[in-house]
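A.B. asks: Spelled out from the first residue to the last, the chains are:
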Amino acid sequence: MTLHLDEEQLRILNWRVDNKDIGAVVGPPGCGKTTVGSGLAVKIIAEGLAKRVLLVAYTNAAANEFGWEFYNILGPAAEKMCIRTGNPTGVDPLLPITFNRSADTLLEKRIIISTNLSLKKLPPIRFDNMIIDEAGVERLEHLLWPFWFGVDREVQNEHREKAAAEIDDLMELISRCGAVATVVGDPKQSRPISPVRTDYSAIEWVMKRKRSDMLRISHRLPDMLSGLVNEFANYGGLKSAPEIAPRRLTLDYMPDVEYRQVIQPDEVVTWVDINGVEQPKGPTSWANDLEAKGCAKICNHLVHLTRKSIVVVTRFTAQKQIIRYYLQRMGLESIKVTTTTGALGTQADVVLFSLVRNNPERNVGAAGTLQDLNVAISRSKEKLIIIGNFDMMINGWTSASSPSHRKSPARNLARLIDCKYGSIVQPPHILRD
Amino acid sequence: MSSLAVRELYRTISKTKGHLVQSREIATTCVCPYLFKMCYPFGVPPGEQDYLIANTVHDIMSLAMPTTILHNWQQDPTNFENLARSIDRDSSAIVEKAIQDAKDVANREGKTIPTYFEYDVQDRFHGLLIGISKKLMKKYSRPKRAITEITITNVKKFQEGRIDAFLEFDDDCYGLIDWKTNDIDKFKGSGIDKWQLIANFLLANYRYTGNEDNWSKCLFGSVVFYENAYFPRLPLKQEKIDKVKYDRKFAHDVLCGGSPYTQKPAFCPVCDREGESSSDCHFYREDSRMSGQGTLPPNYASIRRHLIKRRYLVLDERSETHKHKFVISNMIERLGESIALQELEKSDVVYSGFRLGSTHENLITLVREVSDNPITFLEPSKVVRIIGKEDSRPLLGCINEKGFVKDATESKLVVSLDKKIYADRAKEQLLDFPIVIIRDENNLTRRTLEPMHRFHRLAADLMLPRRFFDNN
Numbered sequence: 005m006t007l008h009l010d011e012e013q014l015r016i017l018n019w020r021v022d023n024k025d026i027g028a029v030v031g032p033p034g035c036g037k038t039t040v041g042s043g044l045a046v047k048i049i050a051e052g053l054a055k056r057v058l059l060v061a062y063t064n065a066a067a068n069e070f071g072w073e074f075y076n077i078l079g080p081a082a083e084k085m086c087i088r089t090g091n092p093t094g095v096d097p098l099l100p101i102t103f104n105r106s107a108d109t110l111l112e113k114r115i116i117i118s119t120n121l122s123l124k125k126l127p128p129i130r131f132d133n134m135i136i137d138e139a140g141v142e143r144l145e146h147l148l149w150p151f152w153f154g155v156d157r158e159v160q161n162e163h164r165e166k167a168a169a170e171i172d173d174l175m176e177l178i179s180r181c182g183a184v185a186t187v188v189g190d191p192k193q194s195r196p197i198s199p200v201r202t203d204y205s206a207i208e209w210v211m212k213r214k215r216s217d218m219l220r221i222s223h224r225l226p227d228m229l230s231g232l233v234n235e236f237a238n239y240g241g242l243k244s245a246p247e248i249a250p251r252r253l254t255l256d257y258m259p260d261v262e263y264r265q266v267i268q269p270d271e272v273v274t275w276v277d278i279n280g281v282e283q284p285k286g287p288t289s290w291a292n293d294l295e296a297k298g299c300a301k302i303c304n305h306l307v308h309l310t311r312k313s314i315v316v317v318t319r320f321t322a323q324k325q326i327i328r329y330y331l332q333r334m335g336l337e338s339i340k341v342t343t344t345t346g347a348l349g350t351q352a353d354v355v356l357f358s359l360v361r362n363n364p365e366r367n368v369g370a371a372g373t374l375q376d377l378n379v380a381i382s383r384s385k386e387k388l389i390i391i392g393n394f395d396m397m398i399n400g401w402t403s404a405s406s407p408s409h410r411k412s413p414a415r416n417l418a419r420l421i422d423c424k425y426g427s428i429v430q431p432p433h434i435l436r437d
Numbered sequence: 080m081s082s083l084a085v086r087e088l089y090r091t092i093s094k095t096k097g098h099l100v101q102s103r104e105i106a107t108t109c110v111c112p113y114l115f116k117m118c119y120p121f122g123v124p125p126g127e128q129d130y131l132i133a134n135t136v137h138d139i140m141s142l143a144m145p146t147t148i149l150h151n152w153q154q155d156p157t158n159f160e161n162l163a164r165s166i167d168r169d170s171s172a173i174v175e176k177a178i179q180d181a182k183d184v185a186n187r188e189g190k191t192i193p194t195y196f197e198y199d200v201q202d203r204f205h206g207l208l209i210g211i212s213k214k215l216m217k218k219y220s221r222p223k224r225a226i227t228e229i230t231i232t233n234v235k236k237f238q239e240g241r242i243d244a245f246l247e248f249d250d251d252c253y254g255l256i257d258w259k260t261n262d263i264d265k266f267k268g269s270g271i272d273k274w275q276l277i278a279n280f281l282l283a284n285y286r287y288t289g290n291e292d293n294w295s296k297c298l299f300g301s302v303v304f305y306e307n308a309y310f311p312r313l314p315l316k317q318e319k320i321d322k323v324k325y326d327r328k329f330a331h332d333v334l335c336g337g338s339p340y341t342q343k344p345a346f347c348p349v350c351d352r353e354g355e356s357s358s359d360c361h362f363y364r365e366d367s368r369m370s371g372q373g374t375l376p377p378n379y380a381s382i383r384r385h386l387i388k389r390r391y392l393v394l395d396e397r398s399e400t401h402k403h404k405f406v407i408s409n410m411i412e413r414l415g416e417s418i419a420l421q422e423l424e425k426s427d428v429v430y431s432g433f434r435l436g437s438t439h440e441n442l443i444t445l446v447r448e449v450s451d452n453p454i455t456f457l458e459p460s461k462v463v464r465i466i467g468k469e470d471s472r473p474l475l476g477c478i479n480e481k482g483f484v485k486d487a488t489e490s491k492l493v494v495s496l497d498k499k500i501y502a503d504r505a506k507e508q509l510l511d512f513p514i515v516i517i518r519d520e521n522n523l524t525r526r527t528l529e530p531m532h533r534f535h536r537l538a539a540d541l542m543l544p545r546r547f548f549d550n551n
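For the record, the sequence lines run as chains F and X. Positions 5 to 437 (this note's numbering) are the ones given, in order, by the first sequence. Positions 80 to 551 (this note's numbering) are the ones given, in order, by the second sequence.
Excised from the complex, chain F in its bound form (with noise of 0.2 Å):
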């Protein structure tokens, strides 16, 4: 068994493994949420505090990152000890844990992996522990069908003369009936997608009515990018860890001279303020041919320069396809091109953020919450480029916030690189066009 633990991830541990009830764990960006989950479930059923757990995720991504996880802890002893169920066109063929949907066959393991929208057909069996993640993007309705199967009948039964006058709330009411969970996320890098624009994401939710922690140590941030995350979101002090604190990019080959400001491998965030223009493209969404171009032209340039992994980063799906288009054209189809949505979980040496929004009401839009923001400057291990311009951030507004409030994402993000954690350069010629 293997299982690296820095000493706030073992801090949490202790306290999930000992606490009886439900309780919220916020894990910043590279912090080690997935480790946190899986080493708990281990370390819960090694030491016999439970028959069964549940392992939860919104995304079958999430979920088969855990089996990942599981792998990684457990070696080849994994596929005794877990299984991983739910929807099957969603599994990882790679994955080298089992996937079954069959009652006798989960009965008989002692994790049990899936997504959340799954569990209606997992046979009637109670949890003594559950451990959600992704609860960021997930509502608070997504939370009740994994706290169903925490629900013990017997306790409930105790329970039952006093609760009418001591229960006061939903919470209250599954704690009382024997759940006992934790949820994971980071209200910080994503929020669920609901009518209501102002809802409560889950971890919000449990948050505010149960213990919660927050890991400090971040394994992927270098420590510019940590320090410019930690400000950028307010999390109180979030900090790389040692052995990550002083990574740089390193190439192959010196950059050519028109990229040599871009690419600086010294400096860990360098902003490219570039002036393309914004397009409306489908019902929703926005495209910037200039930006395209110019993430395509890096990436380009970059692949000769290096074999780091890349991954570019936008808000809109238009601006993806554009730039996966141009990336396709120059024969670069295995480089990752995702949204702000999509980049939860991933991570890459070097990050392209293609910013997209540039008009002259400054109307940053959805660019520029927080969640979105500090998603794509948070996936890099080593150099951030941030592909868009810089005086539409700086002077941006979006209907969360009024044009007077001081507090915009946006401009706060343009005002730490530009004071603080990386240089704005003005775009080389060559992606000028």
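By construction, these hints were calculated from the structure, which means they are not laboratory data. Since this is a predicted model, take the numbers as computed values, not measurements. We put the beta carbon where it would ideally sit given N, CA and C, even for glycine. Hints should not be assumed to be uniformly reliable.
In the DSS-like style, the derived pairs of lysine-lysine whose C-alpha atoms are separated by at most 25 Å in a straight line are [stated by the list, open to error]: (1) K182(X) - K124(F); (2) K125(F) - K499(X); (3) K190(X) - K124(F); (4) K190(X) - K125(F); (5) K340(F) - K491(X); (6) K425(X) - K297(F); (7) K124(F) - K498(X).
Residues on chain X that point at chain F, a partial pick, calculated with CB under 7 Å [said to hold, decoys possible]: (8) Y89; (9) R389; (10) L392; (11) D395; (12) E396; (13) F534; (14) A538.
Calculated from the model, a selection of chain F residues having no Cβ within reach of chain X, i.e. all distances over 12 Å [what the hints assert, rightly or not]: (15) G52; (16) G79; (17) K84; (18) S216; (19) K243; (20) P246; (21) T274; (22) L336.
Based on the hints, put chain X in the right spot on chain F.
C.D. replies: Relative to the frame of chain F, chain X by itself:
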């Protein structure tokens, strides 16, 4: 109208609620409005009955109707049993494929296959063939065309429904068919299936005339069941049509968060026979009554309010997924179909110019000339409705299939359908038509509502004295 205007339309529509009521839900409301409320908003799960056999028979019928049944159609056959046997023989490849398909899916999903599965499927299929040859063929000449499993959306009336089959005759006249494959019982003309047939008539009229109240193309409607068929007398009584429309409005109002007056009918087949959901129905009626009177304990009332509010949020989320259908319909009404489709294509709301290329197992490949706009929003895993655009039919009333995108390039779209037999059906039905793609959705609303129902009942069980619900 520019693509910006399409976006503006989206923005306008996003401020309204775009709920669609399914024909089945209208029929449920017709039987008892409380039964509908059990589903939406309360989220009481449907019974645990396994529909594997019924669904397989449906799949077989959907492919046999336009092929083997239509080819063997004889008006007033001398020996309907021999004819049914003959169709049965001709359909053996379809039956075999559907059974294998169902078994594959059941195995993949870890479902238990009933002991006499194959026999039951073949028996029920044969029963339906007897019903068709004995009743339908006796009355009607061979139709020009048969089409099956079509989802029709009439957004103006907030209604959507899936039609089992249409038979098309000369002069654009149609026969509407509903298969009853759940069991081999005799059909009782008073239940939910009858109301569903009437609700589907409204959609059929919309498909064939553009107006749900125009009955000029309606030749007949029938519920085909085991060894027989039921034909409602046409023209239908106006009071029945009005009831369906009234209940459609009721269901729509409920989905939109309204509180229309709800009256339990003199006889409800669930509650009055103490069926599976009668305890839940009684519970929610009492719960609402006491809430209205203010007699619930405050802490329980607070949890109750919270859960009900969340349920309506889930319903609102569902309505969001229908918005593009409202935009498409609205644009077509304003600009005419041809211009509207061009504008909608520019805005990536629809994708046109495809033709069915090939099928392989459960995959169908749609091809088109490389378009001016090489960027597509159709990404793997997106759910789409593949529409075969028929002349003089509203776009959302044309033949269609539903699937999810497996692969998309500038000129090719590979769509995965749920079963192999659906790919055969798509080939049979969509081959001759230009294809338009719109986004679609999987309805997971009831699955999301169900745990709220469970916790609602749990809260009542723990927090309310027994006397509150003494019938439970």
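A.B. asks: Which of the stated hints cannot be reconciled with the structure, identified by number in ascending sequence?
C.D. replies: When the structure is compared with the hints, none of them turns out to be violated.
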